[in-house]
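Asks: Top to bottom, those sequences are chains R and X. Quick note on numbering: the first sequence equals residues 20 to 450 in our numbering. Quick note on numbering: the second sequence equals residues 2 to 456 in our numbering.
Simulated from the structure, these hints should not be mistaken for lab results. Source: prediction; values computed, not measured. One or more of the hints may lead you astray.
[To be verified] Between beta-carbon pairs, the in silico distance windows are:
| no. | chain 1 | residue 1 | chain 2 | residue 2 | range |
| --- | --- | --- | --- | --- | --- |
| 1 | R | 338 | X | 110 | 37 to 45 Å |
| 2 | X | 8 | R | 96 | 49 to 57 Å |
| 3 | X | 307 | R | 391 | 44 to 52 Å |
| 4 | R | 386 | X | 312 | 36 to 44 Å |
[What the hints assert, rightly or not] Beyond 10 Å from chain R on every Cβ pair, some chain X residues (computed):
| no. | residue |
| --- | --- |
| 5 | 215 |
| 6 | 240 |
| 7 | 400 |
[To be verified] Computed from the model, here is a short list of chain X residues facing chain R with C-beta under 10 Å:
| no. | residue |
| --- | --- |
| 8 | 111 |
| 9 | 198 |
| 10 | 205 |
| 11 | 212 |
| 12 | 219 |
| 13 | 229 |
| 14 | 237 |
| 15 | 243 |
| 16 | 244 |
| 17 | 247 |
| 18 | 330 |
| 19 | 339 |
Ideal Cβ positions, reconstructed from N, Cα and C, are used throughout, including at glycine.
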Amino acid sequence: MRHPSVVLVHGCAALTAVAALAHTLWYGLDERGPALAFGVLVVAGELARWRGAEERESAPLGAAGALAYALLGANGGEPTRHGVAQAVTVVMAAALVGCVPHVARGRGSTADHLARRLLTVAFAAVCFQPLYNRGALAEWSGPPYVLLLVALLVLTTLCDAVLAAVLARARTGWPFGPLLRDELRALLGIGSAVCATGVVMSLAVAVVGLWALPVFSLPLLLTQLAFRRYAAVRTTYRQTIASLARATEIAGYTPAGHARRVAELSRAVGRELGLSEPELTVLEYAALMHDIGQLSLVDPVPSGATAVLPAEEQRRIALLGGAVVRQTGVDARVAVVVERQADPYREQPVSARIVRAVNAYEEKAREAGPGGPLKALEELRLGTARDYQPEVVESLARVLLNQRAVTSGVPPGDSAPAALRVKGGGGRTAV
Amino acid sequence: MGSVPAWARGYVACVVMAALACLAPLPDLRGPWGAVGLLAALYAGCEQITRCRFPGRRAPRDIGTYEGSGGCPLGWHSPLLLAGAFLLSPAAAALVAVPGALLARAERRPRGLRRVWRAARLAVAVWAASRTHRALGGEDTVVTHDFPYALAPAGAAVLVLCAVLTLLDGGILALAERVPVRNAWRGLFPRSIAPVAVHGLAGLMMAVLWHSHHGPLAALLVLLPMYVSGWVFAQYHRERAAHQATIRALVQAVDIKDGYTRGHSERVGQASMMIARELGMDDERVEVLRFAGILHDVGKLGVPTRLLRKNGPLTPEERRVIELHPEYGHEMVRGIGFLGEARAAILHHHERMDGSGYPYGLAGHQIPECARVVAVADAFDAMTSTRSYGRARPVATAVEELERCAGTHFDPVMVQAFVRALERHGWRPAVTADAPGQSGNVPPQGAPARAEAGS
Chain R
20 MRHPSVVLVH GCAALTAVAA LAHTLWYGLD ERGPALAFGV LVVAGELARW RGAEERESAP
80 LGAAGALAYA LLGANGGEPT RHGVAQAVTV VMAAALVGCV PHVARGRGST ADHLARRLLT
140 VAFAAVCFQP LYNRGALAEW SGPPYVLLLV ALLVLTTLCD AVLAAVLARA RTGWPFGPLL
200 RDELRALLGI GSAVCATGVV MSLAVAVVGL WALPVFSLPL LLTQLAFRRY AAVRTTYRQT
260 IASLARATEI AGYTPAGHAR RVAELSRAVG RELGLSEPEL TVLEYAALMH DIGQLSLVDP
320 VPSGATAVLP AEEQRRIALL GGAVVRQTGV DARVAVVVER QADPYREQPV SARIVRAVNA
380 YEEKAREAGP GGPLKALEEL RLGTARDYQP EVVESLARVL LNQRAVTSGV PPGDSAPAAL
440 RVKGGGGRTA V
Chain X
2 MGSVPAWARG YVACVVMAAL ACLAPLPDLR GPWGAVGLLA ALYAGCEQIT RCRFPGRRAP
62 RDIGTYEGSG GCPLGWHSPL LLAGAFLLSP AAAALVAVPG ALLARAERRP RGLRRVWRAA
122 RLAVAVWAAS RTHRALGGED TVVTHDFPYA LAPAGAAVLV LCAVLTLLDG GILALAERVP
182 VRNAWRGLFP RSIAPVAVHG LAGLMMAVLW HSHHGPLAAL LVLLPMYVSG WVFAQYHRER
242 AAHQATIRAL VQAVDIKDGY TRGHSERVGQ ASMMIARELG MDDERVEVLR FAGILHDVGK
302 LGVPTRLLRK NGPLTPEERR VIELHPEYGH EMVRGIGFLG EARAAILHHH ERMDGSGYPY
362 GLAGHQIPEC ARVVAVADAF DAMTSTRSYG RARPVATAVE ELERCAGTHF DPVMVQAFVR
422 ALERHGWRPA VTADAPGQSG NVPPQGAPAR AEAGS
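Given the sequences, and given the hints that come with them, work out the whole structure.
Replies: Here it is as structure tokens:
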């Protein structure tokens with residue numbers, strides 16, 4: 020079953036596409052040269068698309084080309100006559116062609132990507148083309164015209180960010196605010212490069228003709244290359260940290276997969292609580308390495324469960340872990356979280372609260388066997404006076420409920436046990 | 002370059018004289034002083050932004066070149082210089098670079114000399130590029146937006162810029178950094194031509210837009226993508242350095258736990274690399290083998306220290322525990338994608354050619370090639386380095402021992418390749434952890450071992 024907002028966005032995009040196509044078929048294609056050139060550019064940009072771990076805009080060249088065509092006023096000094104419908108049609112056709120290899124290889128959410136591309140181009144073209152074709156911008160030459168284009172593109176990308184956040188919210192169920200914040204932050208990075216390139220391409224084509232397209236595609240490709248290399252090194256780094264975290268498991272201090280499970284669950288809880296992307300990365304690294312202090316113990320803690328140790332001992336292990344993390348050269352903020360993971364929650368930063376609660380849950384749920392999750396949550400709720408922050412525990416309960424719903428295919432609320440569903444002291448009804 | 006050799010000072014003085022000669026026609030210039038001032042101010046401003054926003058971006062490798070935008074010898078803001086070269090007369094274009102380069106902070110001493118050198122180097126190179134552009138009639142093509150004919154003079158100017166920078170940088174590498182003369186120029190030109198060409202295109206677009214009725218504002222938008230890529234490349238370098246520091250800390254913990262003098266793992270990495278090069282493997286595989294050597298014993302993190310450092314003979318039970326370390330190591334690094342076949346090397350580096358090794362008792366060519374390489378490298382460094390309970394043996398004795406065991410323990414092909422590599426290059430392992438001044442992210446030595454000493 021699709022989320023209504025996904026259906027709405029896709030429906031709007033489909034309607035726009037059909038209307039634009041019908042209009043173009045009826046009236047024919049104006050100025051085939053520019054249409055073909057921009058079409059080729061968008062196809063090339065889409066072919067070079069990649070699935071970045073962090074970056075929102077995965078086909079910057081395609082986006083810049085599409086926006087430049089929507090904002091194209093003149094070609095080599097001659098005014099253009101293509102309207103909104105043609106801009107949308109050309110971009111849609113090119114994006115569809117460019118998507119074929121990605122669909123064939125079964126990668127990426129192509130439908131969302133296409134819908135966003137189409138709606139943003141339609142928006143930019145609707146704002147610009149009627150004004151230009153009616154001659155309303157004739158006296159706006161020089162810097163005011165440049166500023167107008169910049170303002171239009173900024174507006175367009177803001178709308179695109181909202182659209183992306185809506186779609187992500189519908190797909191993942193994460194809170195809207197932090198998603199939008201992450202989208203807007205991404206705008207400052209590659210989004211600004213896309214905007215600037217779109218404006219420059221449209222202006223440069225107006226001055227020198229279509230030769231401007233290949234000339235100015237290369238700098239944006241350089242930007243894309245930089246982002247790809249950055250994403251690759253980040254992936255590698257994350258894998259290395261996960262390996263380091265596995266050292267405690269191999270040395271027999273913690274059960275296999277513990278660090279990874281705590282990291283995944285912590286990330287989900289952090290996301291639910293509205294942490295930003297950089298904070299989530301710190302949280303994930305800290306969760307992966309939270310047990311590393313145990314390497315310095317003389318004898319392993321029985322099955323690695325630190326949550327049942329005396330508080331002083333827990334804190335000692337946490338401090339040792341922080342020291343080890345500092346020595347590995349990982350971000351100092353990670354070390355702080357690892358160090359503070361055993362403190363009472365009121366003295367902790369929020370990441371450390373999450374790691375503490377999730378770690379305790381993971382250990383307790385594992386020991387208790389079947390029905391463990393419920394008992395563990397119950398115990399955590401009893402500890403909210405001092406050890407675990409109530410909000411974090413409730414967020415954890417919601418995340419677990421969602422995961423259950425996803426794995427069992429039942430919408431949340433239908434079959435979930437009362438202890439997971441009911442807030443506060445509801446755990447008493449546990450089966 | 003703590004003390005600058007007299008030759009290098011002389012060289013810098015010559016380049017400065019050349020730069021002054023380039024700037025000499027300035028007083029007679031009746032050109033667009035507004036454009037010169039704007040470009041120079043922007044260049045200086047961008048230089049300052051770079052300093053504040055991209056900390057640690059420049060590799061402290063040599064005196065003049067910047068390591069940054071994908072090996073570009075200029076900054077991300079170099080389209081400004083190239084736009085100047087395409088727009089202005091040669092002397093004015095050379096002037097654009099000077100204030101920014103003089104005001105930029107130099108990371109290492111002698112700072113004054115470095116600043117002067119950078120300014121002179123850029124001025125000469127930009128002058129040459131602008132001169133070429135004019136000689137080929139580029140000025141008119143920019144003014145009349147005559148595409149694609151504007152690309153030819155611009156391309157020639159980029160080539161000249163790159164060539165002059167290569168020439169000057171190689172000279173300073175040879176004289177001030179004492180890089181051997183035949184190595185000084187190697188790879189400089191091919192490495193920098195691609196990024197400089199991209200910056201050249203951006204510069205050309207700036208120049209054209211600057212001349213058009215849209216004016217300088219449109220030209221400045223060209224800089225934004227360049228800024229973003231410069232910023233991301235800086236992040237990339239930072240993250241990569243952090244990653245390397247983490248791996249280094251990891252293997253140091255292993256070395257100390259194992260009772261080696263520090264650097265054993267890195268030396269095994271270097272020896273593996275030497276063998277791989279000698280066997281004619283491609284660069285990517287050589288790099289993977291270096292990592293295989295560096296991480297070969299990482300599984301020892303999972304073995305109790307008291308077993309690793311035990312002085313007397315080991316009981317069969319203890320031996321079995323220690324012999325688990327290749328499997329532990331493989332289990333640890335299994336998820337690291339870029340290691341590729343290095344993971345097999347970590348699992349099999351204790352196999353022997355006659356099948357008497359562990360963990361699986363593979364024989365001959367059943368053992369992966371990379372594992373046979375690492376086995377030789379590991380045995381050699383174990384013999385030639387001091388451990389907590391044993392003296393180091395001389396290289397010649399170790400080589401004899403390797404040759405004696407070739408065929409039974411080691412692959413003779415690998416042993417021969419290693420012997421050849423030793424004859425050619427000698428054994429002078431440089432361990433980065435030992436080098437002072439590179440310890441930015443590297444933790445103080447010995448601490449991980451202290452943390453684990455009780456385990």
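Asks: Does each hint hold? Answer for all of them.
Replies: Taking the hints in turn, this is what the structure says about them:
A C-beta distance of roughly 39 Å is found between residue 338 of chain R and residue 110 of chain X, which places it inside the suggested range of 37 to 45 Å. Judged by the Cβ atoms, the range 49 to 57 Å given for residue 8 of chain X and residue 96 of chain R holds: they are separated by roughly 56 Å. In this structure, residue 307 of chain X and residue 391 of chain R break the distance hint of 44 to 52 Å, their C-beta atoms being roughly 35 Å apart. One distance hint, 36 to 44 Å for the beta-carbon pair residue 386 of chain R and residue 312 of chain X, holds here, with the actual separation near 40 Å.
Separation of residue 215 of chain X from chain R is inadequate, the least Cβ-Cβ distance of about 5 Å not exceeding the 10 Å criterion. In this structure residue 240 of chain X is not separated from chain R by more than 10 Å, as the shortest Cβ-Cβ distance comes to only about 5 Å. The Cβ of residue 400 of chain X sits about 34 Å from the closest Cβ of chain R, beyond the 10 Å cut-off, so the non-interface label holds. Interface hint status for residue 111 of chain X: violated, as the beta-carbon distance to the closest one in chain R is roughly 30 Å, over 10 Å.
Because the beta carbon of residue 198 of chain X sits about 8 Å from the nearest beta carbon in chain R, less than 10 Å, this interface hint is met. Below 10 Å, beta-carbon pairs count as interface contacts, and residue 205 of chain X has one with chain R at about 7 Å; its hint therefore holds. Satisfaction of the interface hint for residue 212 of chain X is found here, the shortest Cβ-Cβ separation to chain R being roughly 9 Å, below the 10 Å cut-off. Satisfaction of the interface hint for residue 219 of chain X is found here, the shortest Cβ-Cβ separation to chain R being roughly 5 Å, below the 10 Å cut-off.
Hint status for residue 229 of chain X relative to chain R: holds, with the closest Cβ pair at about 4 Å, below 10 Å. For residue 237 of chain X, the interface hint holds, since its Cβ comes within 10 Å of a Cβ in chain R; the closest pair sits about 4 Å apart. A cut of 10 Å between beta carbons decides the hint on residue 243 of chain X: the least distance to chain R is about 6 Å, and the hint holds. The criterion of a C-beta within 10 Å of any C-beta in chain R is met by residue 244 of chain X, whose closest approach is roughly 4 Å, and the hint holds.
Checking residue 247 of chain X against chain R by beta carbon gives a least distance of about 5 Å; that is within 10 Å, so the hint holds. For the restraint placing residue 330 of chain X at the interface with chain R, the shortest Cβ-Cβ distance is roughly 8 Å, inside the 10 Å limit, so the hint holds. Interface hint status for residue 339 of chain X: upheld, as the beta-carbon distance to the closest one in chain R is roughly 5 Å, under 10 Å.
Of the hints listed earlier, those the structure fails to meet are numbers 3, 5, 6, 8, in rising order.
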